[in-house]
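**Student:** Here's the letter readout for the chains.
Protein chains: 2
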Amino acid sequence: MPELRRDPVIGRWVIISTERAKRPSDFNIEHGEEPEIECPFCEGHEKKTPTEIFAIRKPGTKKDSPGWNVRVVPSIAPKFKIEGDLDRCGVGMYDVMNNIGAHEVILESSRHLTDIYQLSELEIQDVINTSIYRISELEKDIRFKYCLLFKNHGLKAGGSMKTKHLRSQLIATPVTPTRVKEELRGSRVYFEYKERCVFCDIIRQEIETGARIIMETKTMVAIAPFASRFPFEIWIMPKVHRADFMNIQADEIKDLANVLKTIFAKLSKALNDPPYNYMLHTAPFRRAKRPGYWHTIEEDYHWHIEVMPRITQVAGFEWGSGFYINPTPPEEAAKYLREVTL
Amino acid sequence: MPELRRDPVIGRWVIISTERAKRPSDFNIEHGEEPEIECPFCEGHEKKTPTEIFAIRKPGTKKDSPGWNVRVVPSIAPKFKIEGDLDRCGVGMYDVMNNIGAHEVILESSRHLTDIYQLSELEIQDVINTSIYRISELEKDIRFKYCLLFKNHGLKAGGSMKTKHLRSQLIATPVTPTRVKEELRGSRVYFEYKERCVFCDIIRQEIETGARIIMETKTMVAIAPFASRFPFEIWIMPKVHRADFMNIQADEIKDLANVLKTIFAKLSKALNDPPYNYMLHTAPFRRAKRPGYWHTIEEDYHWHIEVMPRITQVAGFEWGSGFYINPTPPEEAAKYLREVTL
Chain C
1 MPELRRDPVI GRWVIISTER AKRPSDFNIE HGEEPEIECP FCEGHEKKTP
51 TEIFAIRKPG TKKDSPGWNV RVVPSIAPKF KIEGDLDRCG VGMYDVMNNI
101 GAHEVILESS RHLTDIYQLS ELEIQDVINT SIYRISELEK DIRFKYCLLF
151 KNHGLKAGGS MKTKHLRSQL IATPVTPTRV KEELRGSRVY FEYKERCVFC
201 DIIRQEIETG ARIIMETKTM VAIAPFASRF PFEIWIMPKV HRADFMNIQA
251 DEIKDLANVL KTIFAKLSKA LNDPPYNYML HTAPFRRAKR PGYWHTIEED
301 YHWHIEVMPR ITQVAGFEWG SGFYINPTPP EEAAKYLREV TL
Chain X
343 MPELRRDPVI GRWVIISTER AKRPSDFNIE HGEEPEIECP FCEGHEKKTP
393 TEIFAIRKPG TKKDSPGWNV RVVPSIAPKF KIEGDLDRCG VGMYDVMNNI
443 GAHEVILESS RHLTDIYQLS ELEIQDVINT SIYRISELEK DIRFKYCLLF
493 KNHGLKAGGS MKTKHLRSQL IATPVTPTRV KEELRGSRVY FEYKERCVFC
543 DIIRQEIETG ARIIMETKTM VAIAPFASRF PFEIWIMPKV HRADFMNIQA
593 DEIKDLANVL KTIFAKLSKA LNDPPYNYML HTAPFRRAKR PGYWHTIEED
643 YHWHIEVMPR ITQVAGFEWG SGFYINPTPP EEAAKYLREV TL
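Order-wise, the sequence lines are chains C and X.
The first sequence begins at 1 in the numbering used here and counts up one residue at a time.
The second sequence begins at 343 in the numbering used here and counts up one residue at a time.
With the rest of the complex left out, here is chain C (with noise of 0.2 Å):
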């Protein structure tokens, strides 16, 4: 019998086909072709790019030169732009705002990959170190409320035609995201209630339950949800309650490395290169005091990385209500990456 069910944090309700439900080799994912022109993301293209804002380097190599392992330079195509200041205004009943923000791509490897489980754990490291550099650097600018670090996997996915060649984004955005919003709101009422936070709650239960646990390590975890929107949704959320991604620990970025590479190989195995998203959820930058609570951000949200396969059409009844429609019930899905081996 199909359910519903409802997600914890938001509140929004999935319907999970039990019935007929959809397996790995039920989904049919077509790839475009490598195009042909030469990558600008590649070692040795670096005056290709805008002037790289930072980079890990080998001692003794120059900037926007070869040598490197990771690299950040500011989108070629950005949606915000550094320069001005923040002005808000009124157009009638409206509400305007110039989109100041700051757009940086970064570039995971200087050979040309494509996926990021082709890094070694340590390469993986590196790139998690220069995220929470730039996003620590982003988070002095008082213009701006919060920085999304995301990947766009696959042209399906909203990835570049242009080359596939291995990369993150971070956007610096004056204003709190919607989806953020929410998903606040959600986790104050929750604790509101319980005195406790809506993530450890739900990490708890499932390393009790397992049924949903993909993988687990000392540190993290990475579960199929409970109320997945999407085949083969995947969250990765650390064991230890964190509101802030910038809190994390060694030990924990070793383990991230070690979970990322890992599920997206398995990933990339189960559903032949699908396309896809992930997308950082963290505390905003200078979380106000919230005067008539008596609970902060820091003790009831709970900071992790939501990944979205992109295998199923989303159409005007999900669009419409916000109800999802989910054909592979996140218990298979998570045994069968379980499974996978590499």
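Among the hints, a few may not be true.
The calculated SDA-like cross-link candidates involving lysine to any residue, where the alpha carbons are at most 20 Å apart (straight line), are [said to hold, decoys possible]: (1) C:K335 to C:D273; (2) X:K421 to C:V314; (3) C:K22 to X:P420.
These are calculated hints, taken from the structure and not from any lab test.
Computed from a prediction, not measured in an experiment: that's the story for all the values here.
Dock chain X against chain C, hints included.
**Tutor:** Same frame as chain C, but now just chain X:
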């Protein structure tokens, strides 16, 4: 200079790219081929669908036989099941419900047409009246809280691979969808502050400024909303304040038929038959009294139809943040659609 614009109802922010604005010819609309199979929805093939729930028929014709204009049948792949009692339960910390609901398909023509503008205005009125009748019937079932009326046009909008036959869908659900709740909350908060309906204010301002008006009749207006998420997004609203679509008046039905025919003909011509979804947003069934509020949903909500052409890719940034990036300013979309000659 690109702008960040805030939707006045939900509060979501949209990035409107005013530089390098995309014009209709910039979107590359691909079409799948018309399938070869015999369409199960055409007149004469009545036995290929489940038995009809309702039809507008020529006098003397029999159920499940030719002679109809509009015909309603149960979905052959229902998202919800009609039989059973509503059953909510907890699974550990999670909430589950069996997915009781109704899922009906409204066959909008007995001829093999594919877009609503190909109908005459009188035929579209039949379609509207059928929707009203079916929603009113579903409202009688006390298990249902909401009824979604929507259309998936084209493969990229979640349309079927099997046939393009003109149809819309009705789904009655045992919970109020998240997206509807967000709108109800937004319009309630606005009313709380302004003592006016936010949609009435939008209509007043749009008619005054005119730049985003696509079409206006005596009782209805079609606009490109200020914070359009998608290029050529369209909202159709009744000018007189009405929370519930079920209270639509005869002259409004006539005008709505006119607006639907014109808008979709223009959209199809401007964008070469783009995939689109549309969705009716209306007040929920059995609107509970809201203790602690001095105003009701009747006062603060306003039904409307949202049309979303699916011609841009929604990437990780949008999914994770709830920010949308729209490369076509609504003022230009409205101007373009106003000027399309039919």
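**Student:** Run every hint past the structure and note whether it holds.
**Tutor:** Going through the hints against the structure:
For the hint linking K335 of chain C to D273 of chain C, the alpha-carbon distance of about 19 Å falls within 20 Å, and the restraint holds. For the given pair, K421 of chain X sits about 14 Å from V314 of chain C by alpha-carbon distance, which is consistent with the 20 Å threshold. Of the pairs offered as hints, the one joining K22 of chain C and P420 of chain X holds, with about 16 Å between alpha carbons and a cut-off of 20 Å not exceeded.
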